[in-house]
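Asks: Take a look at the letters that make up each chain.
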Amino acid sequence: MLDISAWFNDLLAGNLIFTPTTLGYYWEGLVTTTQLVFLSLIAGLILAVPLAIMRSSKRKWISLPVYFYTYVFRGTPLLIQLYIIYYGVVFIDGIQETFLWPVLREAFYPALIAFTLNTAAYTTEIFRGAIKATSKGEIEAARAYGMSQSLMMRRIILPSAFRRALPAYGNEVIFMLHASAIASVVTLMDLTGAARFVYARFYAPFDAFLFVAAIYLCLTFAILYFFRFLEKKLLAHLRPQNT
Amino acid sequence: MKKLLTVSVLGLAIAAASSAHARDYDHVRIGVDVPYEPMEYRTAEGELTGFDIDLGNALCERIGVTCEWVEQEWDGIIPGLMSRNYDAIMSSMTINDERRQQVLFSDPYITMPSAWFAPSSLDISEANEETLEGKTIGVQRGTLQDNYVTDNFSNVASISRYSTADDMVLDMEAQRLDIVFLDFPIGQSTLLESEEAEYVVVGERISEPKEYFGDGFGIAFRQRDEALAEKFNEALAELQEDGTYDEIFTRYFGEE
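Line by line, the protein sequences give chains A and B.
Counting in the UniProt record's numbering, the first sequence runs from 1 upward without gaps.
Counting in the UniProt record's numbering, the second sequence runs from 1 upward without gaps.
Check each hint, because a few of them may be wrong.
[Stated by the list, open to error] Far from chain A by the CB rule (all over 10 Å, computed), these chain B residues: (1) P35; (2) E61; (3) L104; (4) E126; (5) D171; (6) E226; (7) F249; (8) G254.
[As the list claims (entries may be wrong)] Estimated spans, in silico, between C-beta atoms of each pair: (9) A222(A) x R84(B): 50 to 60 Å; (10) A44(B) x E106(A): 32 to 42 Å; (11) E126(B) x P167(A): 53 to 63 Å.
No lab work stands behind these hints: they were computed from the structure.
Virtual Cβ for every residue (Gly too), placed ideally from N, Cα, C.
This is chain A alone, in the form it adopts within the complex (with noise of 0.2 Å):
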């Protein structure tokens, strides 16, 4: 161990921008962004599939407030949301006092809330696209088995919706990653807060924003072999068979 942190000194030796200290930084920001990105997706999903599936009801009272809040947060700059909810919050009288304080204090969460909101937005409008794309054929046959509304769209439309959603979402999850970089405007040290850190410390443009957009191209591939990976499997029915 302590070889390893003398091989790495001897590396850094006589660089001043990347020193232990700063790679520190940058590591904090890997955390904080991979954190911020992944938790924002999860909860993003989890919220847009029963929004979806209200968006393509028929009923206009159930779909038409799920397409006024899509067409509000895919409408406004992420970067906005993101102000109003961190520097709006604490204009709320006498929010300091309530239980939402010690969540909303934090910048990690505020900055959480805009990601999520914001990708649920996307993703709602993603999966909506696909459960209208689901075929009529199917539809028919579905009925035809006496199966009800909400048993067909368990089991018939949204798992091929699903499929046939993963390409576009695969880009919703590289766009947010991207998106991410707004979030050191509200202090917190991500990638992008870490390398406009060493930045401002160094004057060394340059250096610190080619060495964090090659962290970031890492990030992309990584995610977008993931979904390479996932559409060779759940699409593999769709390929021709080379026999």
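Once you have looked at the hints, place chain B on chain A.
Replies: Just chain B now, kept in the frame of chain A:
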């Protein structure tokens, strides 16, 4: 020997080129990070004002150049000078050795200490490793206050870094921060005179050690613009001589 000669000839050529270049300035763009009350801020009417602005305009008038203020966020202000977005920085920038390697400073035009500001409810009389343990400290990203706090307190406290002093004051009022570390006059005009809550200065005003707090505020230029810096230095000396400087000082800081 020959090599030495080549180098010195080259050096002379560069010096000649740069002084010829410096003579061209009749329009000087000055980078400034707004808002930073009372040093540089906008009035309710949107007019740019403050100590740096008034002094800068007076200097330009004395030199006989037209000046244009270019707004730039603090954390990119030195790179902005390097990439020629403007020709000088006059934005409460403290002169220190780290920055001297990047830019050429004028003579210091004002000296300002830094200070800790906290709500009176925090109830500590001095800021040190024990009293700051577990606290959240606010600083402006990339400032010498950031460097000082990062190097001295990052293992006991958590540090929140802001792009502007305004955002930081907002979060102080929102009770997201326990304590902030700021240039004294900025904290005085934004926090001590706040109507929202009661804030106090914690401990003494701080201007030591020099490696962090440097030698007062200076105007920064690109290294090669020596002639331009010289003009500003001369004008500064003249303004201090004829009382214009004192008048501007009193306008923002009162009699002190």
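Asks: Give a verdict on every hint.
Replies: Cross-check of the supplied hints:
At roughly 15 Å, the least C-beta separation between P35(B) and chain A is larger than 10 Å, which holds for a residue marked as non-interface. Distance check on E61(B): its Cβ is at least 31 Å (rounded) from any Cβ of chain A, clearing the 10 Å threshold; non-interface status holds. For L104(B), the non-interface assignment is confirmed: its Cβ lies about 14 Å from the closest Cβ of chain A, beyond the 10 Å cut-off. Listed as a non-interface residue, E126(B) keeps its Cβ farther than 10 Å from every Cβ of chain A; the least gap is roughly 25 Å.
Separation of D171(B) from chain A is inadequate, the least Cβ-Cβ distance of about 8 Å not exceeding the 10 Å criterion. At roughly 20 Å from the closest C-beta of chain A, the C-beta of E226(B) stays outside 10 Å, upholding its exclusion from the interface. Distance to chain A confirms F249(B) as a non-interface residue, since its nearest Cβ pair spans about 29 Å, more than 10 Å. Residue placement check: G254(B) keeps its beta carbon more than 10 Å from all beta carbons of chain A (closest about 32 Å).
Separated by about 39 Å at the C-beta atoms, A222(A) and R84(B) break the suggested range of 50 to 60 Å. The hint said 32 to 42 Å for the Cβ distance between A44(B) and E106(A), and at roughly 33 Å that hint holds. A beta carbon spacing of about 60 Å between E126(B) and P167(A) agrees with the range 53 to 63 Å that was offered as a hint.
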